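There are 2 protein chains.
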Amino acid sequence: MLKNIKQNAKIVDIFIKKYFNTQKYSELVPVMKYGTLFGGKKIRSTIILNTSKIFNIRSNQIINLCAAVECIHSYSLIHDDLPCMDNDTLRRGKPSTHIKFGESTAILAGNSLLTLAFEIIADKKFNVDTTVKLNLIKKLSECAGHVGIAGGQFLDLNYEKKKINFKKIINMQRKKTGKLFEFCCLAPAIIAKKNLKTQKEMSMVGAELGLLFQIADDLLDIKGNKKNTGKPVKKDKKKGKSTLIKLFGYEKTLGFALDRKKMIINKLKKYGKKSNKLIEVSDFILNRSF
Amino acid sequence: MLKNIKQNAKIVDIFIKKYFNTQKYSELVPVMKYGTLFGGKKIRSTIILNTSKIFNIRSNQIINLCAAVECIHSYSLIHDDLPCMDNDTLRRGKPSTHIKFGESTAILAGNSLLTLAFEIIADKKFNVDTTVKLNLIKKLSECAGHVGIAGGQFLDLNYEKKKINFKKIINMQRKKTGKLFEFCCLAPAIIAKKNLKTQKEMSMVGAELGLLFQIADDLLDIKGNKKNTGKPVKKDKKKGKSTLIKLFGYEKTLGFALDRKKMIINKLKKYGKKSNKLIEVSDFILNRSF
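These protein sequence lines map, in sequence, to chains A and B.
Counting in our numbering, the first sequence runs from 3 upward without gaps.
Counting in our numbering, the second sequence runs from 3 upward without gaps.
Chain A extracted, bound-state conformation (with noise of 0.2 Å):
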């Protein structure tokens, strides 16, 4: 799985690379870049580029939704970081946007990787139909702001230090990292015109693998080190995050995520051999945590 990650990251690398390219010269490219390129595993493009195997999509068809996906995670991870937020200074082992460049340029050049995301799914080379295009737009922006990852990060930050029950902590995950993840096995189901119970399918296939992959991330945050995690860990109790570690204990958790697993394993059974790939990102996912 390590390998098709790999392989995934690479190929979704260059196209951003090349998108630069395209662009239109301004200070604040370099900023873009250093947020989106060198690191980072790309995991939701992995995730696209998986899930479209079910939907026989090729991998060139699709590779645009994969960057503006990219564009739109790291300039939610590069706000993230902002002192105001996480306040963190590391990030895929290197200093964080704000610590490299300043406050006000990592806000900047944040703003302008989202707003480059809907740019490259309008654009024309992005070969789908417009009116699939536009509800990709629609479902991306819904995923991104107030009820999305925005939404999410606000329910973050204003959790912290408070005792917060299950469903509130699941609803904030849900936002916070579940709804890009949601896109990203939503989106190759609309691409291949699948009828909308299909589409709400996948959607919970995504909500699920967010769901898993933020648990992860919090065991991480807990068993891992600062080199396999590129950040610094053991921060969320520092800060008071509001996890379900912090709720259930490392144990109970992690059967939770487990769980998990099962859930996403059962609803892709009918897809047979073509959903393996996506069944062992999951699996990529939760053995991350160990």
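For the record, the hints were derived by calculation from the structure and aren't laboratory data.
All of these numbers come straight from a predicted model, not from anything done at the bench.
Treat the hints with care, as some may be off.
Note that the list lumps identical chains together, so a pair holds whenever it fits in one copy or between two copies.
[As the list claims (entries may be wrong)] Okay, derived cross-link-like pairs now, EDC-like style, lysine to aspartate or glutamate, Cα gap no bigger than 16 Å in a straight line:
hint	residue 1	residue 2
1	Lys202	Asp88
2	Lys163	Asp285
3	Lys8	Glu282
4	Lys237	Glu162
5	Lys165	Asp238
6	Lys170	Glu29
7	Lys272	Glu203
Fit chain B to the known structure of chain A by using the hints.
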């Protein structure tokens, strides 16, 4: 003209308010409303609506575009006011968003407004061709991103307390302010499916209007007061902002602004009476600064 502007602002405010009602609930919505509704001249919407008159486009056909542009403008104001940017505590006569709701919430609400802008254009109820919509999304992304608003704000901050020449100041102002004005004049021409020559001409009218607006804003910073601007005045000098006034002085800058107005009138001449309202906007913008 003021009546026309006020009427337009009201129409756009009502639409945005209704659009928010169609959105899922999120704690960020009241913050987004605070940044977009309640005040502001919505001069960009007036430009879109008055440019639409030239191309016989009805206001209810183009209202989504006004709302999208206002979301982007409001987001840029919320972020510009942040402590690490222009550090302004007053906006439209009220506390800036970060003063009222805190810094992280202001950033997230800004991001959500930027995201929402693309959703509003992609919305099915926005009744224009899908190809036209995608073209609008691509252009708006360019005008808002690293070669537009975000890039211009980067330059503005980096030019503080430095000796900057005429060419660079103009380039900065064309990005920071001009690009979105360009879009406001270009978009109706795109919707009316005018040829590229006309589109380019309208972009140029928008660019001149944007420059005029920025210069008027700079002049107002010297001659205005907190009551009529809704924000503190005489702050450009304090912050060492690079403006044309700093370079040329008040009188010569005013002359330069009048030249912009002549240019706009000249370019719109061929549209006769149909362009009257748009020309009146340039009068209004300039007169604000006296």
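We went through each hint and held it up to the structure:
{"no.": "1", "hint": "Lys202 - Asp88", "in the structure": "neither (33 Å within a copy, 44 Å between copies)"}
{"no.": "2", "hint": "Lys163 - Asp285", "in the structure": "neither (32 Å within a copy, 54 Å between copies)"}
{"no.": "3", "hint": "Lys8 - Glu282", "in the structure": "within (14 Å within a copy, 58 Å between copies)"}
{"no.": "4", "hint": "Lys237 - Glu162", "in the structure": "within (12 Å within a copy, 36 Å between copies)"}
{"no.": "5", "hint": "Lys165 - Asp238", "in the structure": "within (14 Å within a copy, 45 Å between copies)"}
{"no.": "6", "hint": "Lys170 - Glu29", "in the structure": "between (41 Å within a copy, 13 Å between copies)"}
{"no.": "7", "hint": "Lys272 - Glu203", "in the structure": "within (11 Å within a copy, 56 Å between copies)"}
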